[in-house]
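**Student:** Dock chain B against the given chain A, drawing on the hints supplied.
Given next are the chains, with one letter for each unit.
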Amino acid sequence: MPKYTYVEMESIKGERRKFIFEHAFRLLKNPSIKSWTLPEDSKWQYEKGNLTRRKSDQGPANEQTT
Amino acid sequence: MATQCVCPPTAELPDLGNSDCDVKLDLIVKIQLARAAGGPYADITDETELDNRLGAAVATKVVLTPNFADTDIPGTEIILTGQNDNTSPFGEGFRVGETSTTFTATFANLDPAIKDQLKAYECYTDLVIAMYDAKGKVISLGNDLIPISNFFVGSRQFGGRTEKDLYTFNFTLPLEWDNGLTVNALTYDIFSKVNS
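As given, the protein sequences belong to chains A and B, one line each in that order. Residue numbers for the first sequence follow the working numbering, so the first one is 185 and each next one is one higher. Residue numbers for the second sequence follow the working numbering, so the first one is 22 and each next one is one higher.
It should be emphasised that the hints constitute simulated quantities derived from the structure, not laboratory data. Treat the hints loosely; a few may be bogus.
Said to hold, decoys possible - Some but not every residue of chain A turned toward chain B, in silico, with C-beta under 10 Å:
| hint | residue |
| --- | --- |
| 1 | 196 |
| 2 | 201 |
| 3 | 203 |
| 4 | 206 |
| 5 | 207 |
| 6 | 208 |
| 7 | 209 |
| 8 | 211 |
| 9 | 212 |
| 10 | 213 |
| 11 | 214 |
| 12 | 216 |
| 13 | 218 |
| 14 | 220 |
For every residue, glycine included, the Cβ atom is placed at its ideal position computed from N, Cα and C.
Excised from the complex, chain A in its bound form (with noise of 0.2 Å):
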């Protein structure tokens, strides 16, 4: 069974999304996509085109199962 890596993130409407690793990082890397962001707590960071955990978050947590 395949082991996804999820993002969550946040519409400008509010609305709150878990993505596919993938999904979210090609969101992310999209500089005409200003819809879709990291929420302020997010557990992960975009920076210099890198989606990484941040340092105080390295744990599985938002790894699930499909």
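**Tutor:** Using the frame of chain A, we list chain B on its own:
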């Protein structure tokens, strides 16, 4: 859904509404391509939903073509047989069908690498599209995209140093493709969007 005639027809003619609004499509300059498996939008004017699909890595993924020009969507014509000869009563002919509709447009001076990527969509038989006009409005079937077939991108047309290099592309629209056609203004600039 193509028009279906019932037999016998109703005694009275079906209603014909009264419209106060003309509908004129502006120049069509861009399309969104997707797979039918991606399903309809909840709200085709919602930027968050488009962005979500631009970023998707599954069947809901959509792509936006580069801007194009010379868009032509001819209207259909009736196909008659036996007209003007003695194989139909009074030579009036029998209606046997309707011509199909081929959408045609051209990309100017397109990067060959992008053309190669566009060619890959020829392999998909379940493509659906939304069109965008020059004013950034989206043309669709409500929240559904318009099914197409026979997507094709031709080879580079070089007409000399003073002419644009053109790639003509076309696809077939289904019978009565414009049934339920909607034109909606967007609250965001579709021309600022790029593919992921």
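**Student:** Identify whether the interface hint at residue 208/A stands, where standing means a beta carbon of chain B within less than 10 Å of its own.
**Tutor:** holds, 8 Å
**Student:** Minimum Cβ distance from residue 196/A to chain B below 10 Å?
**Tutor:** holds, 6 Å
**Student:** Using 10 Å as the Cβ threshold, decide whether residue 207/A counts as touching chain B.
**Tutor:** holds, 5 Å
**Student:** Grab the minimum C-beta distance from residue 213/A to chain B and call the hint holds if it beats 10 Å, violated otherwise.
**Tutor:** Holds, about 7 Å.
**Student:** Hint residue 209/A vs chain B: min CB-CB distance below 10 Å?
**Tutor:** Holds, because the Cβ-Cβ distance from residue 209/A to chain B comes to roughly 8 Å (cut-off 10 Å).
**Student:** Does the closest beta carbon of chain B sit nearer than 10 Å to the beta carbon of residue 201/A?
**Tutor:** holds, 8 Å
**Student:** Please check whether residue 203/A passes as an interface residue: C-beta within 10 Å of a C-beta belonging to chain B.
**Tutor:** holds, 8 Å
**Student:** Does residue 211/A hold up as a contact with chain B if the rule is Cβ-Cβ below 10 Å?
**Tutor:** This interface hint holds because 4 Å falls under the 10 Å limit.
**Student:** Let me know if the C-beta of residue 214/A comes in closer than 10 Å to any C-beta of chain B, holds or violated.
**Tutor:** OK, holds: residue 214/A within 10 Å of chain B, min 4 Å.
**Student:** Tell me if the interface restraint on residue 212/A is satisfied: Cβ within less than 10 Å of some Cβ in chain B.
**Tutor:** Since the shortest Cβ distance to chain B is 8 Å, the answer is holds.
**Student:** Given residue 206/A as an interface hint, is its Cβ closer than 10 Å to any Cβ of chain B?
**Tutor:** Cβ of residue 206/A sits 5 Å from chain B, so the hint holds.
**Student:** Closer than 10 Å between Cβ atoms is the bar; does residue 218/A clear it against chain B? Give me holds or violated.
**Tutor:** Holds. Min distance 8 Å.
Consistency note: the structure conflicts with none of the earlier hints.
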